[in-house]
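S.K.: Given next are the chains, with one letter for each unit.
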Amino acid sequence: AQSVAQPEDQVNVAEGNPLTVKCTYSVSGNPYLFWYVQYPNRGLQFLLKYITGDNLVKGSYGFEAEFNKSQTSFHLKKPSALVSDSALYFCAVRDRGSGNTGKLIFGQGTTLQVKP
Amino acid sequence: DGGITQSPKYLFRKEGQNVTLSCEQNLNHDAMYWYRQDPGQGLRLIYYSQIVNDFQKGDIAEGYSVSREKKESFPLTVTSAQKNPTAFYLCASSITGVSSYNEQFFGPGTRLTVL
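Protein sequences, first through last, are from chains A and G.
The letter at position 40 of the first sequence is residue 40 when you use my numbering, and the numbering goes up by one with no holes.
The letter at position 76 of the second sequence is residue 76 when you use my numbering, and the numbering goes up by one with no holes.
Mixed in with the good hints, there may be bad ones.
[Said to hold, decoys possible] In the DSS-like style, the derived pairs of lysine-lysine whose C-alpha atoms are separated by at most 30 Å in a straight line are:
1. K9/G / K49/A
2. K83/G / K9/G
3. K69/A / K49/A
4. K115/A / K77/A
5. K71/G / K9/G
6. K70/G / K9/G
7. K71/G / K49/A
8. K14/G / K57/G
9. K57/G / K49/A
Since the hints were made in silico from the structure, they are not lab data.
Construct the complete structure from the given sequences, taking the supplied hints into account.
M.R.: If you want it as structure tokens, here you go:
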């Protein structure tokens, strides 16, 4: 079965320090991977995606993610965290069993808390 | 101003009532989706539609119904058969077909509370 796991419910980091939010996946074939951010009582905003090519993907607001096929991981990173980065982050993988429907399978989310 | 709109932002329902949540998009996307979000459980897919007049059940369709009469609109009805409807509901849309790796765009959500 295809799945996405975010092993940490919450990540705490000081402002200015680098941050990592972890994501591992289990899919058959090549994965299409996504990161989204959600601020309180808002919808999800797309940050970045990996389809193919360079393993380091750059996205919005200074975020990037590293695709590691051998470790089946797609960790979200940022070199210097801001207090405004505090939010709920979701990793997702396209459901390859759904044909071309575009269905996504989401992880349970990780709360990022950046302290001044 | 392109995007996805959901209304209302907050909705209160008495037990035994059906309620309908609105979702409209002007992105010209073929596919639309409804998710339910509960604390600590991520997003769970309720229904999705790839084209007008066609839709498919997701992982938790029981107690919900949808229609897709227009490309721009994908309303969700929460029926009285849904035993625990209090949640945050998110609508999304995307391009599908051969470009099925395209990201989904989300609306701002509707928070439904059963009184």
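S.K.: Each hint should be assessed against the structure and marked as holding or not.
M.R.: Evaluation of the provided hints:
1. K9/G / K49/A: holds, 29 Å
2. K83/G / K9/G: holds, 21 Å
3. K69/A / K49/A: holds, 15 Å
4. K115/A / K77/A: holds, 17 Å
5. K71/G / K9/G: holds, 22 Å
6. K70/G / K9/G: holds, 22 Å
7. K71/G / K49/A: holds, 26 Å
8. K14/G / K57/G: Holds, at about 25 Å.
9. K57/G / K49/A: holds, 26 Å
Checked against the numbered hints listed earlier, the structure breaks none of them; every hint is satisfied.
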